[in-house]
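Chemist: Chains as they are written, first to last, in my numbering: chain H, 1 to 217; chain B, 1 to 217.
Because the hints were derived from the structure by calculation, they are not lab data.
Model, not experiment: these values are computed from the prediction.
Mixed in with the good hints, there may be bad ones.
[To be verified] Calculated lysine-lysine pairs in the DSSO-like style (CA-CA distance at most 30 Å, straight line):
id	chain 1	residue 1	chain 2	residue 2
1	H	K136	B	K46
2	B	K46	H	K46
3	B	K136	H	K136
[Said to hold, decoys possible] Residues from chain B shown here face chain H by an in silico Cβ test under 10 Å; the list is partial:
id	residue
4	L92
5	G99
6	A103
7	T107
8	R196
[As the list claims (entries may be wrong)] Derived list of chain B stretches under chain H, where covered just means 3 residues or more per stretch with a C-beta under 8 Å from a C-beta of chain H:
id	stretch
9	7-16
10	27-41
11	56-62
12	123-135
13	164-173
Beta carbons are placed, not taken as given, at the ideal position from N, Cα and C, and that holds for glycine.
Protein chains: 2
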Amino acid sequence: MNPVITAFAQAPDGGRGFVRDMRVRWALEEVEQPCSVKLVSFAELKAPEHRARNPFGQIPTYEHGDLALFESGAIVLHIAEQYPGLLPAEPLARARAIGWMFAALNTIEPPVNEFGMARVLERDQPWFAARQPMLKERVATRLEELATRLGEAEWLDGAFSAGDLLMVTVLRRLTGSGLIEAHAGLAAYVARGEARPAFQRAFAAQRAVFEAQTATG
Amino acid sequence: MNPVITAFAQAPDGGRGFVRDMRVRWALEEVEQPCSVKLVSFAELKAPEHRARNPFGQIPTYEHGDLALFESGAIVLHIAEQYPGLLPAEPLARARAIGWMFAALNTIEPPVNEFGMARVLERDQPWFAARQPMLKERVATRLEELATRLGEAEWLDGAFSAGDLLMVTVLRRLTGSGLIEAHAGLAAYVARGEARPAFQRAFAAQRAVFEAQTATG
Chain H
1 MNPVITAFAQ APDGGRGFVR DMRVRWALEE VEQPCSVKLV SFAELKAPEH RARNPFGQIP
61 TYEHGDLALF ESGAIVLHIA EQYPGLLPAE PLARARAIGW MFAALNTIEP PVNEFGMARV
121 LERDQPWFAA RQPMLKERVA TRLEELATRL GEAEWLDGAF SAGDLLMVTV LRRLTGSGLI
181 EAHAGLAAYV ARGEARPAFQ RAFAAQRAVF EAQTATG
Chain B
1 MNPVITAFAQ APDGGRGFVR DMRVRWALEE VEQPCSVKLV SFAELKAPEH RARNPFGQIP
61 TYEHGDLALF ESGAIVLHIA EQYPGLLPAE PLARARAIGW MFAALNTIEP PVNEFGMARV
121 LERDQPWFAA RQPMLKERVA TRLEELATRL GEAEWLDGAF SAGDLLMVTV LRRLTGSGLI
181 EAHAGLAAYV ARGEARPAFQ RAFAAQRAVF EAQTATG
């Protein structure tokens with residue numbers, strides 16, 4: 001039996017692969033493992049059946065045999081531990097790659113997410129414009145630091161790893177904001193991630209869900 | 001040689017153990033491993049020597065032999081993989097415990113952190129009061145979901161794990177806000193974490209740094 005992951009029936013990102021199921025789809029494509037995708041509507045997300053999979057009512061989740069997992073980072077790490085291709089075999093390099101997974105999700109993603117959420121949830125508030133420079137600055141500081149560490153390297157620490165996979169998915173959400181575009185090195189890094197055949201296959205799969213939804217309704 | 005971790009020379013939390021070095025101290029105490037602590041001033045934090053340890057200029061970092069790691073989550077996971085006591089041996093339970101580590105840092109900590117940061121950075125802004133209910137509601141929703149999942153259990157999934165360790169450190173930061181106190185089960189869960197001898201030893205060690213600093217001025 002293939003693992004079953006969950007994704008949104010109605011992706012709110014216009015099929016741009018910004019939703020967190022993209023991370024799991026991409027990881028599975030990198031290690032050449034198939035999966036089945038169960039689509040969950042916004043109403044189903046907070047219902048008991050899905051809460052049993054994820055107490056916070058979020059996607060993605062991952063079910064394989066007797067294992068039920070949630071949290072995209074944990075799912076990607078689990079996949080990376082099961083199949084070769086996403087973590088170095090050498091123990092110190094492996095620990096550092098996992099370090100970049102946490103950096104992507106705990107140092108870079110929070111300010112990226114706050115910046116994005118304000119644009120969705122607080123756009124009509126009187127303070128929206130006044131807070132934008134601060135929110136942008138928080139992201140810009142992290143990107144400057146990340147660009148400095150990356151330098152001219154292809155990936156964050158040696159070969160492509162699950163750390164790069166998560167980092168690229170986080171950075172992609174800034175597309176069009178000008179923040180990534182301000183760092184040629186980071187823009188090229190994101191483009192390298194997006195050019196990987198596994199990314200392309202994962203992107204096409206999530207895009208197909210969006211297009212089917214648009215076509216039917 | 002013991003591992004060397006970094007912590008703030010001047011802890012901004014009044015010695016309450018809210019800074020992220022507490023996670024690493026606690027994890028090392030749980031597995032009964034000693035460490036050396038290098039204190040870093042705010043000025044040193046953003047200087048090249050510390051940036052070489054952590055490109056984002058944050059603490060804690062972890063150096064042991066040839067390994068240099070940053071990100072508190074990655075350091076705790078590394079410790080948990082090296083020594084028994086923080087992750088179950090059974091593979092599915094181990095994967096779920098790691099899932100709770102990511103849930104603590106990627107689902108619970110971001111809204112907790114935003115709530116806390118607004119109180120520090122935006123307290124004097126005209127919109128501060130108007131945004132408080134929204135920021136509180138984001139945290140309250142997650143706590144309600146977490147309390148429901150925890151139910152009457154002692155820990156999040158079987159025995160105490162690195163997932164509980166991280167979750168307790170995240171929840172502790174809400175102490176006194178009324179948000180944890182609204183859920184008797186969560187308050188008891190945090191208290192159980194704080195009552196562990198390893199927590200007590202780690203807390204005393206970080207407290208001693210604060211008290212030495214206060215004494216010397």
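Chemist: Checked against the structure, which of the hints given earlier come out wrong?
Modeler: Hints 2, 8, 9, 10 and 13 not satisfied by this model.
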